[in-house]
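A.B. asks: The lines below spell out each chain.
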Amino acid sequence: MIPLRFFNETEKEKMLKQLKQQFGIRELPFELARLGKERIVVFSGNISGREILNLDEIAHIEGIGLYFAKEQADGIRLSIEGSQLLKSQITKNIFELDEKQSEQWMMGQEISVKTDKKGFFVMKFKNDFLGTGKISENRITNFVPKQRRLKNKEN
Amino acid sequence: MTKRNYEPKPLFLERMKSLLGKDFQNYLDMLKKEPPRSFRCNTLKISVENLKKRLEEKGWKIKQPFKAFSEVMILASELQPGELGRALEHLLGYYYIQEIASMLPVLTLLPEEDERVLDLCASPGSKTTQIAARMNNKGLLIANEVKFGRIKILSANTERCGVANSVITKRDGIALCKRFKEENFLFDKILLDAPCSGEGTFRSAPKGLEMWNIKTIENLSKLQKALVASAIEILKPGGELVYSTCTHAPEENEEVIDFALKSFDVQIEKINLPIECREGITEWNGKSYSPDVKKSCRIYPQDNDTEGFFIAKLKKIGDRK
Numbered sequence: 002m003i004p005l006r007f008f009n010e011t012e013k014e015k016m017l018k019q020l021k022q023q024f025g026i027r028e029l030p031f032e033l034a035r036l037g038k039e040r041i042v043v044f045s046g047n048i049s050g051r052e053i054l055n056l057d058e059i060a061h062i063e064g065i066g067l068y069f070a071k072e073q074a075d076g077i078r079l080s081i082e083g084s085q086l087l088k089s090q091i092t093k094n095i096f097e098l099d100e101k102q103s104e105q106w107m108m109g110q111e112i113s114v115k116t117d118k119k120g121f122f123v124m125k126f127k128n129d130f131l132g133t134g135k136i137s138e139n140r141i142t143n144f145v146p147k148q149r150r151l152k153n154k155e156n
Numbered sequence: 002m003t004k005r006n007y008e009p010k011p012l013f014l015e016r017m018k019s020l021l022g023k024d025f026q027n028y029l030d031m032l033k034k035e036p037p038r039s040f041r042c043n044t045l046k047i048s049v050e051n052l053k054k055r056l057e058e059k060g061w062k063i064k065q066p067f068k069a070f071s072e073v074m075i076l077a078s079e080l081q082p083g084e085l086g087r088a089l090e091h092l093l094g095y096y097y098i099q100e101i102a103s104m105l106p107v108l109t110l111l112p113e114e115d116e117r118v119l120d121l122c123a124s125p126g127s128k129t130t131q132i133a134a135r136m137n138n139k140g141l142l143i144a145n146e147v148k149f150g151r152i153k154i155l156s157a158n159t160e161r162c163g164v165a166n167s168v169i170t171k172r173d174g175i176a177l178c179k180r181f182k183e184e185n186f187l188f189d190k191i192l193l194d195a196p197c198s199g200e201g202t203f204r205s206a207p208k209g210l211e212m213w214n215i216k217t218i219e220n221l222s223k224l225q226k227a228l229v230a231s232a233i234e235i236l237k238p239g240g241e242l243v244y245s246t247c248t249h250a251p252e253e254n255e256e257v258i259d260f261a262l263k264s265f266d267v268q269i270e271k272i273n274l275p276i277e278c279r280e281g282i283t284e285w286n287g288k289s290y291s292p293d294v295k296k297s298c299r300i301y302p303q304d305n306d307t308e309g310f311f312i313a314k315l316k317k318i319g320d321r322k
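Top line first, the protein sequences correspond to chains V and A. Residue numbers for the first sequence follow our numbering, so the first one is 2 and each next one is one higher. Residue numbers for the second sequence follow our numbering, so the first one is 2 and each next one is one higher.
It should be emphasised that the hints constitute simulated quantities derived from the structure, not laboratory data. All residues carry an ideal CB built from backbone N, CA and C; glycine is no exception. Hints should not be assumed to be uniformly reliable.
[Said to hold, decoys possible] Ranges of calculated distance between the beta carbons of each label pair, as one might list FRET restraints: (1) A:270 / V:49: 28 to 34 Å; (2) V:152 / A:284: 49 to 55 Å; (3) A:30 / V:6: 54 to 60 Å; (4) A:219 / V:10: 52 to 58 Å; (5) A:114 / V:2: 28 to 34 Å; (6) V:19 / A:216: 58 to 64 Å; (7) A:180 / V:10: 30 to 36 Å; (8) V:118 / A:175: 27 to 33 Å; (9) V:118 / A:81: 34 to 40 Å; (10) A:111 / V:142: 40 to 46 Å; (11) V:90 / A:215: 55 to 61 Å.
[Unchecked claim] Here chain V is said to cover these stretches of chain A; the calculated rule only asks that three of the stretch's residues, wherever they fall, bring their Cβ under 8 Å from a Cβ of chain V: (12) 88-102; (13) 136-143; (14) 162-173.
With the sequences and hints as input, model every part of the structure.
C.D. replies: As structure tokens, then:
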């Protein structure tokens, strides 16, 4: 059985509060569900939670919706798609990468920075939102999944 | 550059000659050429105008062959091998690399927002992501794939493309339809892009010429009939099913549609696509098919400079005849 549980209003409000604090998010205009322990997915399909459980019995659900974020002890880490979905609302904790840094970021490399910032920051290059990194001790920890990384520098 | 000097089997050549007549040589000539590099703008993430502008700023020359489907793009400039797939825009899900003929089944199905849609044989997800984009991430899209390894590819592609209205399931297609039928879980539209012998992909995958064999075609035809029968059972009355393959073999195409027309209360619909389609054939190897099968669409590589495909659209009137 798929370890999926839809957020109730209270949980969604709690998530929104956390996202507002971290990134300035004002609304979450979609359904959220917890998949497993940490992964949070967005689901926009017009089917109820009860019907999904029924569907799982019929069809062995392997995946649902879109991986949106990971909830960790020290905050919420938006996925690349999560940062893209909320890009018009993100006003806080944005780290603007330069061209060289954006390439390093998309190649999955850690980025050295001189900053007093700390915690989860949304990575941005020009108009592209590139997921979330964690700034600590003058470096940004990279979470770009292997299959999404640039294999070499763009021309 | 793809190695192209594979020797086609004599029986394959004989069958294609039978299908194409005078046009056979044009077909063979086209097999020697690489197909154009095409891709589809993922409108879930970026507008067609913005993607085109961005890619042109990189120095890429972009053509949009269909006015009504501006998301379909052809790369008209030379790139390094693999560059299209390595580009940042691809990794961020702004476009999906997809052969033009492979985009046509969804342009035939034309799924709409708020519909309940099933993509029965979904991996690797080119058509699933195309369906989701046309549905604007609304409605419900169930994407099924029987093989575990291929589920991972499907999931990776739906994620990269920002698909949020989908449920990915892993079941044998026939068994899945049976369970849906038992639960009266019915669909407005179904895409059955059936497993096939892949004769239409010999331009991009010429190695298939050496692997071709008639027994595979005969076996696949049986599976395809079982799949189409199962899928029709879970269509809502008035619902539509698009059946497609990337092969030319009539046993896997017209014969399957003929079987559906004779076994179920369905009608075949005329297809309007912005490319040259040849009508389905009504006789093959001593077998006669329903004249309605002519409404199917045969796409040959030499007609549109694409890969080869077969597409038919069925509308459900009632239940089994």
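A.B. asks: For every hint, state whether the structure bears it out.
C.D. replies: For each hint, the structure was consulted:
Take residue 270 (chain A) and residue 49 (chain V): their Cβ atoms lie about 32 Å apart, and the range 28 to 34 Å holds. Range check, residue 152 (chain V) to residue 284 (chain A): Cβ separation about 50 Å, and the 49 to 55 Å hint holds. Checked against the hint of 54 to 60 Å, the C-beta distance between residue 30 (chain A) and residue 6 (chain V) comes to roughly 58 Å, which is consistent with it. For the hinted restraint 52 to 58 Å between residue 219 (chain A) and residue 10 (chain V), the CB-CB distance of approximately 57 Å keeps it satisfied.
Restraint check, residue 114 (chain A) to residue 2 (chain V): a C-beta distance of roughly 30 Å satisfies the suggested window 28 to 34 Å. For the pair residue 19 (chain V) and residue 216 (chain A), the beta carbons lie near 59 Å from each other, so the given range of 58 to 64 Å is met. At about 33 Å, the beta-carbon gap between residue 180 (chain A) and residue 10 (chain V) stays in the expected band of 30 to 36 Å. Separation of residue 118 (chain V) from residue 175 (chain A) is about 56 Å and departs from the stated range, judged on CB atoms against 27 to 33 Å.
For the pair residue 118 (chain V) and residue 81 (chain A), the beta carbons lie near 37 Å from each other, so the given range of 34 to 40 Å is met. The beta-carbon spacing between residue 111 (chain A) and residue 142 (chain V), approximately 44 Å, falls within the hinted interval of 40 to 46 Å. Residue 90 (chain V) and residue 215 (chain A) have their C-beta atoms about 58 Å apart, which keeps the hinted 55 to 61 Å range intact. Coverage of the region 88-102 of chain A by chain V holds in this model, with 5 residues showing a Cβ closer than 8 Å to a Cβ of that chain against a need of three.
Given a C-beta distance limit of less than 8 Å, the hint that chain V covers the region 136-143 of chain A holds, as 6 residues qualify and 3 suffice. Remark: the region 162-173 of chain A is confirmed as covered by chain V, as 10 of its residues place a Cβ nearer than 8 Å to a Cβ of that chain, reaching the required three.
In terms of the numbered hints stated before, the structure departs from hint 8 and from no other.
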